[in-house]
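J.: Residue strings, one per chain:
There are 4 protein chains.
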Amino acid sequence: MDRARLEAFSDGVFAVAITLLALNLTVAGPGHGALSRQLDTHWPAFAAYVISFFTIGIIWVNHHILVRVITVVNRTLLFLNLVLLLFVVLIPFGTGIAAEYLTARTVNGDSVWDPRIAMALYGAVFLGMSIGFGSMFEWTLHGERVRQPVPVEKRWAARIRFVGGAGVYLIAIVVAFVSPVASFVIIALTAVYYIAQRTPGTAGTGDAEPPDGTPSP
Amino acid sequence: MDRARLEAFSDGVFAVAITLLALNLTVAGPGHGALSRQLDTHWPAFAAYVISFFTIGIIWVNHHILVRVITVVNRTLLFLNLVLLLFVVLIPFGTGIAAEYLTARTVNGDSVWDPRIAMALYGAVFLGMSIGFGSMFEWTLHGERVRQPVPVEKRWAARIRFVGGAGVYLIAIVVAFVSPVASFVIIALTAVYYIAQRTPGTAGTGDAEPPDGTPSP
Amino acid sequence: MDRARLEAFSDGVFAVAITLLALNLTVAGPGHGALSRQLDTHWPAFAAYVISFFTIGIIWVNHHILVRVITVVNRTLLFLNLVLLLFVVLIPFGTGIAAEYLTARTVNGDSVWDPRIAMALYGAVFLGMSIGFGSMFEWTLHGERVRQPVPVEKRWAARIRFVGGAGVYLIAIVVAFVSPVASFVIIALTAVYYIAQRTPGTAGTGDAEPPDGTPSP
Amino acid sequence: MDRARLEAFSDGVFAVAITLLALNLTVAGPGHGALSRQLDTHWPAFAAYVISFFTIGIIWVNHHILVRVITVVNRTLLFLNLVLLLFVVLIPFGTGIAAEYLTARTVNGDSVWDPRIAMALYGAVFLGMSIGFGSMFEWTLHGERVRQPVPVEKRWAARIRFVGGAGVYLIAIVVAFVSPVASFVIIALTAVYYIAQRTPGTAGTGDAEPPDGTPSP
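Protein chains in written order, with our numbering: chain A, 1 to 217; chain B, 218 to 434; chain C, 435 to 651; chain D, 652 to 868.
For the record, the hints were derived by calculation from the structure and aren't laboratory data. Backbone N, C-alpha and C fix where the C-beta goes; we use that ideal spot for every residue, glycine too. Any given hint might turn out to be false.
Derived coverage of chain B by chain C (criterion: at least 3 residues anywhere in the stretch with Cβ under 8 Å from a Cβ of chain C; other residues may be distant) [what the hints assert, rightly or not]:
1) 226–236
2) 275–285
3) 341–355
Covered stretches of chain D (in silico footprint by chain A; criterion: 3 or more residues with CB under 8 Å from a CB of chain A, positions within the stretch not fixed) [said to hold, decoys possible]:
4) 763–773
5) 831–842
Chain B side only, calculated, beta carbon under 10 Å to chain A, not exhaustive [stated by the list, open to error]:
6) F296
7) L299
8) V306
9) L307
10) P309
11) F310
12) E317
13) N325
14) G326
15) P332
16) L338
17) A374
18) R376
19) I377
20) V380
21) G381
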């Protein structure tokens, strides 16, 4: 019962956050030049929408897989879940900034660092989400908190894999200061990787591995 | 259990997307001319609101009918469901653009193609939604994934019917480049058709056919 | 099961619509005059927020009471439910217009009819909601659709009571063309009436009468 | 069943409200000066986001703990729950105003009282939420409404503790008129206190005390 409501609240937040992503998609409307041109210059917004949409989708799937084996819901878990959601809710904001600045020309007192900072911020939101999720995973390893805990000998492999997941976002942040576009591509490829890699191997049931830095249970 | 959370998340996204439609309804407020006139010139926004509202409502009903017989939730299904939701979330954006440009006069560097592109975009969002839903339906046909699978001899009829559903939106996209208003009417009639056609015949239980391009199970 | 998902989707829409009401509460921010003065001139927005919030809350309670005894979910019910939700989703829009125009001065080409039209629109949204809910109630009276149907001899009393509920909103619309403020007060008193009247008598269980125009089952 | 839907609706409102907090996070975009500078001057928005996020999270946890032992859902409870949610929905608005005015310079007819009023408003929203929740708790003490009611001898301690919780927000309101920043810090520390205090002691199950002014059951 406890778990059900944790899921319901989290699902609500995931659902609202994923839907608010579309608020970043706007055109100035009639009287502001050809629509095709407006859509054209907004391509980063559409690309960022798709990337963020699937990244939230992936973390939702992971959350689902992680939480359904939890047998104990205590305050620490609720707090870690809130930390995860804090970053999930920031994704539409980070997505909007990344999209606006990716191809922005430097005018009127803007800094040449702006696109780099914007993209680093985008990566940082995903890094925070990744760390929040990793903390929830770590929590499941201790005590009698899940139905089928990860065996002790597999835990370090699992943790290393998690560090790998967060590490990619860390690399994206560093790369952002050199090339915002390259950073954007890294974040996009991360989403593609997680979707592509596991989907084929899991034709049977939902017993697949959580994609985003979560170890195989 | 798996299915329950898939439904909960999807319901959340459908509910938020359908409610965000109303954000496209705005008037400039006091000091911008008579309210009756403002409402008058915004009639496409109100028409598009009703059309999009019922189209999301129809796809929600279809989703509900399709998912409730699913016995296996795997990553492929979750991915296809995300693709469907990706387009559902785009509906408020597509609706807003269609409403803004349908009756827009061509000023200040706008292109005469703008209303056509806007309406084609509106149709494209629905086409994407339709393809996403069709893919989920196709997925249910293979393996032992639903309680009562569609019999093999009825599958091609079902698929053709789906292609018909997506085909109407494809026609709407093509027509948009000739007459945006005609395209708008086609999309509206599609919603009316799906609501009107099935409602009378289903007085008893919920065992009706999914309306939007989904074959009769 | 069917009913559960109808409730989940409707709850989602009610929850999002009730929360979006707060988006109408805005101040222009620093640099636009004293905050106390800004809040002062926005009093209709705050009053309208409270009225709309409780009206949505009341209709949610009614919806909850009506739906929980339903045993059959068919497409007609789903359609009527969509009609109800169509108007629920319009409430934040109607609330925003009512709040903006209630005390608006007539400048810059505005019409003296603007506050009247705005308030009539506000009443019309509630009237639509009321009719949508009444249609759902009427649907429950026919066939074997609810666990404990309203006895035949009580149905006309119930219907008259419903007509009474919708009638108050109709009166509010008519009054709006004479005095927008009086119309606003009527709509506010309707919410107060429904909350105040039934709350005391229902200390025991949830078996009270639905407040908004719904007859006593 | 009744309780389930009360939870579903409330969870929806909590989830939407907590996600709408992020709408207060905006930058003016390219062409408005260096992004780093824009983010810098918006630090109150980010601080307020975190504070409000965790405060809503805490009240959600409390709501969850309080409601799960309720055995009777009547109209009084539904009304009190609506009052609580009325203030929860106001939190994004209060957060936005507090963030905008905290460090605002006084220009163009602004009053020096503006930051104080803004912060008092922020505290008042939390006070209202606290009173709403306290009323729900008080309701659970009377009649046979919960599975394990708080023993009579512990009730006054519980109530005093609740008054303490609301009292802190009252102090924050008063302090706001002297120093808005000090008021902001008090509200932040309240959230930190509730998270920090209980988390360590509740490693086992979810049987911890509700943090926000709720007595130990």
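J.: All hints, please: hold or fail.
T.: Checked hints:
1. Requiring three or more residues with a Cβ within less than 8 Å of a Cβ of chain C, the coverage given for the segment 226–236 of chain B holds, as 7 such residues are present.
2. Residues of the segment 275–285 of chain B lying with their CB closer than 8 Å to a CB of chain C number 4, which satisfies the three-residue condition for coverage.
3. Under the rule that three or more residues need a Cβ within less than 8 Å of chain C, the assignment of the segment 341–355 of chain B is violated, with 0 such residues.
4. With 0 residues bearing a CB less than 8 Å from a CB of chain A, the segment 763–773 of chain D misses the requirement of three and the coverage assertion fails.
5. Proximity of the segment 831–842 of chain D to chain A, defined as three or more residues with a beta carbon under 8 Å from a beta carbon of that chain, is not established by the 0 residues found.
6. Using the Cβ-Cβ criterion of 10 Å, the hint placing F296(B) at the interface with chain A is satisfied: the shortest such distance is roughly 6 Å.
7. The interface hint given for L299(B) is met, as the beta carbon of that residue sits about 4 Å from the closest beta carbon of chain A, less than 10 Å.
8. The interface hint given for V306(B) is met, as the beta carbon of that residue sits about 5 Å from the closest beta carbon of chain A, less than 10 Å.
9. Look at L307(B): its Cβ gets to within about 6 Å of chain A, closer than 10 Å, so that hint holds up.
10. Interface hint at P309(B): satisfied, since its Cβ lies 6 Å from the closest Cβ of chain A, which is below the 10 Å cut-off.
11. Hint on F310(B) holds. Least Cβ distance to chain A is approximately 5 Å, under the 10 Å limit.
12. Evaluation of the E317(B) hint against chain A yields a held restraint, the C-beta minimum of about 5 Å falling below 10 Å.
13. Interface hint at N325(B): satisfied, since its Cβ lies 5 Å from the closest Cβ of chain A, which is below the 10 Å cut-off.
14. Interface hint at G326(B): satisfied, since its Cβ lies 5 Å from the closest Cβ of chain A, which is below the 10 Å cut-off.
15. Look at P332(B): its Cβ gets to within about 8 Å of chain A, closer than 10 Å, so that hint holds up.
16. The interface hint given for L338(B) holds, since its Cβ lies 8 Å from the closest Cβ of chain A, which is under the 10 Å cut-off.
17. About 26 Å separates the beta-carbon of A374(B) from the nearest beta-carbon of chain A, more than 10 Å, and the hint is not met.
18. Because the smallest distance between the Cβ of R376(B) and any Cβ of chain A comes to about 21 Å, over 10 Å, the interface hint for this residue is violated.
19. The restraint placing I377(B) at the interface with chain A is violated, with a minimum CB-CB distance near 26 Å, outside the 10 Å limit.
20. With a cut of 10 Å, the hint placing V380(B) at the interface with chain A is violated, because the nearest CB-to-CB distance is about 25 Å.
21. Hint status for G381(B) relative to chain A: violated, with the closest Cβ pair at about 28 Å, above 10 Å.
Of the numbered hints listed earlier, those contradicted by the structure are 3, 4, 5, 17, 18, 19, 20, 21.
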